[in-house]
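Novice: Each chain, letter by letter, is given below.
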Amino acid sequence: MKSSARQAQPVSIMHHVISPLFGKGHGRALVVFGFAIVIFIAVMSISAPYISPHDPTLIGLGPANSAPSYQFPFGTDQYGRDLLSRTIWGGRFIMQVAVAAVAICMAIGVPIGLVSAYTGGNVDRTASLIMDSIYAFPSLVLAIMIISVFGVTIVNEALAIAVVYIPSYFRVIRSQVLAVKEMAYVDAAKSVGAGVPSVLLKYIWPNVASSVVVVATVNFADSILTTAGLDFIGLGLPVTLPDWGIDLTYGRQALPIGAWWTIAFSGLMILLAALGFSLISEGYAERTNPKLR
Amino acid sequence: MIMILLSVVFVVMRVLPGNPVLLRFEKNADPALIAAYTHALGLDKPLYMQYLDYLWNLVHGNLGLSMAGAFEPVGPQILSRFPATLELTFYAFIVAVVVGVLMGAFGARKPGVPDDTVKVFGILIYAFPVFFLGMILQLIFGIWLHWLPVGGRLDPGVVPTNLSIGSVQLATGLYTIDSLLSGNLAEFVDAVRHLILPAMALGLVISGVFVRMTRTNMMETMRADFVTAARARGLKERTVVYSYALRNALLPIVTIMGLQFALLLSGAILTETEFNILGVGTYLVDRINFRDYTAVQGTVVFLAILISTVSLIVDILYAYLDPRVRL
Chain A
1 MKSSARQAQP VSIMHHVISP LFGKGHGRAL VVFGFAIVIF IAVMSISAPY
51 ISPHDPTLIG LGPANSAPSY QFPFGTDQYG RDLLSRTIWG GRFIMQVAVA
101 AVAICMAIGV PIGLVSAYTG GNVDRTASLI MDSIYAFPSL VLAIMIISVF
151 GVTIVNEALA IAVVYIPSYF RVIRSQVLAV KEMAYVDAAK SVGAGVPSVL
201 LKYIWPNVAS SVVVVATVNF ADSILTTAGL DFIGLGLPVT LPDWGIDLTY
251 GRQALPIGAW WTIAFSGLMI LLAALGFSLI SEGYAERTNP KLR
Chain B
1001 MIMILLSVVF VVMRVLPGNP VLLRFEKNAD PALIAAYTHA LGLDKPLYMQ
1051 YLDYLWNLVH GNLGLSMAGA FEPVGPQILS RFPATLELTF YAFIVAVVVG
1101 VLMGAFGARK PGVPDDTVKV FGILIYAFPV FFLGMILQLI FGIWLHWLPV
1151 GGRLDPGVVP TNLSIGSVQL ATGLYTIDSL LSGNLAEFVD AVRHLILPAM
1201 ALGLVISGVF VRMTRTNMME TMRADFVTAA RARGLKERTV VYSYALRNAL
1251 LPIVTIMGLQ FALLLSGAIL TETEFNILGV GTYLVDRINF RDYTAVQGTV
1301 VFLAILISTV SLIVDILYAY LDPRVRL
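Chains as they are written, first to last, in our numbering: chain A, 1 to 293; chain B, 1001 to 1327.
Quick caveat, the hints were computed from the structure, so don't treat them as lab data.
A hint or two may mislead.
Computed beta-carbon distance windows for the label pairs [as the list claims (entries may be wrong)]:
#: 1; chain 1: B; residue 1: Ile1313; chain 2: A; residue 2: Gly258; range: 26 to 34 Å
#: 2; chain 1: A; residue 1: Tyr70; chain 2: B; residue 2: Ile1313; range: 52 to 60 Å
#: 3; chain 1: A; residue 1: Leu268; chain 2: B; residue 2: Ile1316; range: 37 to 45 Å
#: 4; chain 1: A; residue 1: Tyr185; chain 2: B; residue 2: Val1098; range: 25 to 33 Å
#: 5; chain 1: B; residue 1: Asn1276; chain 2: A; residue 2: Ile39; range: 48 to 56 Å
Remember, predicted model here, so these are calculated numbers, not experimental data.
Beta carbons are placed, not taken as given, at the ideal position from N, Cα and C, and that holds for glycine.
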């Protein structure tokens, strides 16, 4: 492996971050399989209005809680809504929340981590202390606390999830920067007069960016699970939306009569979405970190 | 650490915009009533005074009065719910460690198909929403097979044993322990039957983390010199793997146990809701629905202190296990 050579010089983001996704070698199957799942869900969610057989919110379309049949392949829920249509539509909102949450928390966590680790001293100590405290706290409890104060809306849900996962980015970026900033080429850049922003962006960031991919994909999986969890305890999306989390939550009311189809498909879709991102993350980590092989 | 956590709680609950008083009243409520209520809660004082009040009350173990219902103190309410959560998380943790460490060690020892299976299991189980796994278990073992109950902590009608000598309460509220101490075997069996499904659901989901950690740590440890040395001395492969390598691979796992505990608590909230267990998690969810702001804050503070205590214990445990830390 030429990893020592790669560490020793600044390289482009393209080389370091994107290319490990597609080349041959270890962990490729995981990445490819993960991407297949994620793309499948994305395509299904985007094209939902065109491919869904019925209106997902139409009440009384069929009998209540009817088992899967030729007419309703996934069965119907307690209001007689078509579960196949709801499953197809169900990813749109949960995925939007996840995308928004990941974007927000990456945009906040990464710069703080970069600056904090590079500056060092009291700035770093304070930031680390705060971030570690948030990190040590149960994510769901923190999200619950934030939403209960701000009120239950989709935006607040995304914000709450974002706040919860900022420390993950901070910690990973920080530890990487601490290692990279001692490298000879960083000193070299500084000695020829590169300013702080330029050192951070041109010399340090490309070398730590690949770990952001690992964190972000895990973050996606966690966001999806946390969104579903918030839906489950009634602090998530509005109950009127066709959504996997909502369907799973209310579908369980039909469990006592043995109606497995009211939970099976929405639950499997959440599982699949989280699994897709976890696979990408795991495979990517294996490719960029030789220790894991 | 505790101070930081408590301050974060304070900042989120008080300083950030969002008014608990307005949440409680309808939009067109009488302003005088709102003002009186704000005053009663001490929310009209300057912020630093509120912060000092908050800390002062905490030191005295006072988590405030519930804002919904009969204005009961929050502290005792939380404490009465805590044993259920403790019992659930304890057994779930055992499931997670046993399943996780055994599978991880097994995978690291046998490369190829067994290892890949372990790896996929670790990823798959981590992606499971804990309440979905709970529903599947309920459906299979509770509703289809009728083997195990699907909710609660005891069968309806079973009264938990009350252990006391004179006026001294001895009952821990942990039904599996109380019933054993009092020799009530029927109650013990009942409590265990109720615990199996929720502890399995929560424990299996958390075990994913242990599988991964154990597996990667073991693979590294197996390459260490002392393992080669042990093999060279002709020890059995099993002895080398389980008493030499695994013991050392477990050390880093102990350090992250504090963080696992936070994960466990998040999962416990959902598991308690799914299995209808009256613990701290369901208390928190109930109180949110009542917009009982002091109770929510009290629960969060309680959990913050709990987590800090656990991470302290983990640190001490680590020093005990790894002599290097003590130097």
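Novice: Hint by hint, where does the structure go against what was stated? Just the numbers, ascending.
Specialist: Hints 1, 4 and 5 contradicted; others consistent.
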